[in-house]
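Asks: Given the sequences, and given the hints that come with them, work out the whole structure.
Protein chains: 2
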Amino acid sequence: MIDKTNLAEAFSSFDETWSPRVAGDINEMQIKLAKLEGEFVWHSHSHEDELFLIIRGRLRMEFRDQQPVKLGPGEFIVVPSGVEHRPVAEISCEVVLFEPKTTLNTGNIENERTVRDLERIR
Amino acid sequence: MIDKTNLAEAFSSFDETWSPRVAGDINEMQIKLAKLEGEFVWHSHSHEDELFLIIRGRLRMEFRDQQPVKLGPGEFIVVPSGVEHRPVAEISCEVVLFEPKTTLNTGNIENERTVRDLERIR
Chain Z
3 MIDKTNLAEA
13 FSSFDETWSP
23 RVAGDINEMQ
33 IKLAKLEGEF
43 VWHSHSHEDE
53 LFLIIRGRLR
63 MEFRDQQPVK
73 LGPGEFIVVP
83 SGVEHRPVAE
93 ISCEVVLFEP
103 KTTLNTGNIE
113 NERTVRDLER
123 IR
Chain E
3 MIDKTNLAEA
13 FSSFDETWSP
23 RVAGDINEMQ
33 IKLAKLEGEF
43 VWHSHSHEDE
53 LFLIIRGRLR
63 MEFRDQQPVK
73 LGPGEFIVVP
83 SGVEHRPVAE
93 ISCEVVLFEP
103 KTTLNTGNIE
113 NERTVRDLER
123 IR
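So the protein sequences, as listed, match chains Z and E. If you read the first sequence in the working numbering, its first letter stands for residue 3, the second for the next number, and so on. If you read the second sequence in the working numbering, its first letter stands for residue 3, the second for the next number, and so on.
Treat the hints with care, as some may be off.
When chains are identical, the list treats them as one kind, so a pair holds in a single copy or across two.
DSBU-like mimics (lysine-lysine), calculated; alpha carbons at most 35 Å apart, straight line [to be verified]:
#1 K6 x K37
#2 K72 x K6
#3 K37 x K103
#4 K37 x K72
To be clear, the hints were calculated from the coordinates, so they are not data collected in a lab.
Replies: Below you can see the structure in the form of structure tokens.
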């Protein structure tokens with residue numbers, strides 16, 4: 003049975019920040035939902051491009067080699083593989099991520115914020 | 003230079019229905035924006051899963067083997083590869099698609115609604 007996902011309901015099903023939930027599989031990619039608050043760690047993904055679509059809040063995406071990009075609801079950015087970035091939630095965010103299944107949240111960094119075996123929505 | 007895309011601005015940049023525009027690349031997948039009006043053709047994609055995220059309007063996704071799924075803004079559905087489906091816009095829709103670059107809009111069907119060499123946003 004193929005069913006839909008309502009983003010508002012799905013976001014209301016968890017509170018944990020910086021811990022993406024898997025909401026669906028599209029071939030070798032996944033749609034993930036994440037709540038972001040404050041700043042994350044600088045990291046990059048060797049092989050994975052990563053799309054951030056803002057649903058609520060405000061996100062500042064920082065880069066080493068260019069000015070930060072500020073995103074609000076209804077805006078998205080694709081961070082290419084290999085590009086070091088740091089997401090900073092200026093206002094607590096609800097974000098849709100679209101990225102390969104192999105993507106680790108902290109990329110090339112492993113620390114206490116690394117999350118493996120992501121939980122699934124529902 | 004990595005920049006963001008504002009969905010409202012991007013949707014306002016074209017009028018054509020059933021003719022997805024490419025708005026970004028994420029590894030072997032693409033984010034596409036489509037305006038839908040009325041009903042499309044029954045089709046399936048042999049190898050490609052396809053995500054539909056509704057931004058505006060109302061979409062009814064019809065299937066051969068189950069009841070249709072009705073989607074409104076902020077709701078998404080993943081149609082697995084091989085599953086015959088027919089999108090019907092009950093109210094004119096703006097839809098975000100996430101799917102492999104190889105996805106042809108009419109899947110296994112080729113007719114006057116088939117679109118090749120999709121235009122890109124901006």
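Asks: Check each numbered hint from earlier against the structure, then list the numbers of those it violates in ascending order.
Replies: none
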